[in-house]
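**Q** Order-wise, the sequence lines are chains A and B.
For what it's worth, my numbering labels the leading residue of the first sequence as 1, then goes sequentially.
For what it's worth, my numbering labels the leading residue of the second sequence as 1, then goes sequentially.
One thing to keep in mind: the hints can contain errors.
Identical copies go unnamed one by one, so any copy, or any two together, can satisfy a pair.
Straight line, CA to CA, 30 Å or less: simulated DSSO-like cross-link-like pairs of lysine-lysine [as the list claims (entries may be wrong)]:
1) Lys156 with Lys67
2) Lys102 with Lys156
3) Lys120 with Lys209
4) Lys211 with Lys120
5) Lys124 with Lys209
6) Lys209 with Lys112
7) Lys211 with Lys124
Hints are computed from structural coordinates only; laboratory data are not their basis.
There are 2 protein chains.
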Amino acid sequence: MQHFSNDNIKSWDRFYRTNFINCLSGFKSATLIGTISCEGNPNLAIFSNLVHIGADPALIGFINRPKEAAPHTISNIEATGVYTMNHIHASFIDKAHQTSAKYSAGESEFQKSGLGIEWKENIKAPFVAESNIKYLMELVEIIPIQYNRSFFVIGKVTDVYVDETIIAPDGFLYIDNAGSITSLGIDGYYETNLIARFRYAKSDTITEKIK
Amino acid sequence: MQHFSNDNIKSWDRFYRTNFINCLSGFKSATLIGTISCEGNPNLAIFSNLVHIGADPALIGFINRPKEAAPHTISNIEATGVYTMNHIHASFIDKAHQTSAKYSAGESEFQKSGLGIEWKENIKAPFVAESNIKYLMELVEIIPIQYNRSFFVIGKVTDVYVDETIIAPDGFLYIDNAGSITSLGIDGYYETNLIARFRYAKSDTITEKIK
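Looking at chain A on its own, in the form it has when it is part of the complex:
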């Protein structure tokens, strides 16, 4: 095992450190966030730092980098109060990755990446047509993180669209069967294989497999 101190980490080249630290926190949920500006320009961007905050109410958060580095998604959410989250499947990871390129506010990543734009009745924000698991979010709160000028954006799930074949009788979603991937670092995409599901852990019994 190799030991790296804070001083080592600080001394590294910027790209080396970015790769290393982004991988350190483990596998992530890469997701495409769809928004629209007040002027009606749709935007699509890949975000990989998502967290489940609670199931009742259904809350999900994500990290938006400082505004000068990643301005469009957060400005559109502030302006409209709604956004979509769309799972990325193995069949279109290259197109999803392409949305991380810097485009100007007037250019649509849907068009540039080749991903299909999907509008639903009475919903202002655009979905990704190719995604089989997608949901609409309503903004709850944007918390500025003073320490590095990023933002923690908290939203509430209001509408879910899911391929019904992946829903288990107990509500578990086999998102791997829809082709959803996991990401690592800033540029790695992985497919997954189920090892096990375990029963709710209790202090007086040992861990038992469901599946």
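Use these hints to put chain B onto chain A, whose structure you have.
**A** Relative to the frame of chain A, chain B by itself:
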């Protein structure tokens, strides 16, 4: 595709909703957090809602449920200011899952789960001996999330211990080669296979594979 509205989600049985909403946000980084209380009782708990916040300074955040549901980790962090994060490998997912059982403050999950406790010189918080990727965190800020009484705990990476064979020349960590897993929902554990790494995306070129 099936559509579920907010009213549908609210009407579900609690466990069904928990499974469904926890899976919806996608694959997660399940990690064991090691802490110690002022009285010297070590604690170990599985947390799956981690986010990378930034690489310079190296910041990682996690969600702690309301204190009445999950009191020990957050209290110990508040008291001591330090904690360890330890990757979970496929070889000990059953033991890692067992740490989610409710034990009293005096009982050590290390002992109960059968995971080895590892102390390092001049570091107050305990590590998981079996983990090949682990790091020490220093508390930066605890942000209360008013909407559901959970907490967003932000820390700074100060020391990293990594199996050196997984470090790529560009700083990327092939954590899959160390056996690190990804989790889904509250009870699913998955192994991973690399599909691709892509070059930094640019607006004037198409997505290109690194590997």
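**Q** All the hints need checking, so say for each whether the structure fits it.
**A** Here's how the hints hold up against the structure:
1. Lys156 with Lys67: both (22 Å within a copy, 21 Å between copies)
2. Lys102 with Lys156: both (28 Å within a copy, 28 Å between copies)
3. Lys120 with Lys209: neither (40 Å within a copy, 34 Å between copies)
4. Lys211 with Lys120: neither (36 Å within a copy, 37 Å between copies)
5. Lys124 with Lys209: neither (43 Å within a copy, 34 Å between copies)
6. Lys209 with Lys112: Intra 45 Å, inter 18 Å, cutoff 30 Å: inter-copy only.
7. Lys211 with Lys124: Neither. Shortest intra-copy (40 Å) and inter-copy (38 Å) distances fail the 30 Å Cα cut-off.
The structure fails hints 3, 4, 5 and 7 (numbered hints given earlier, in ascending order).
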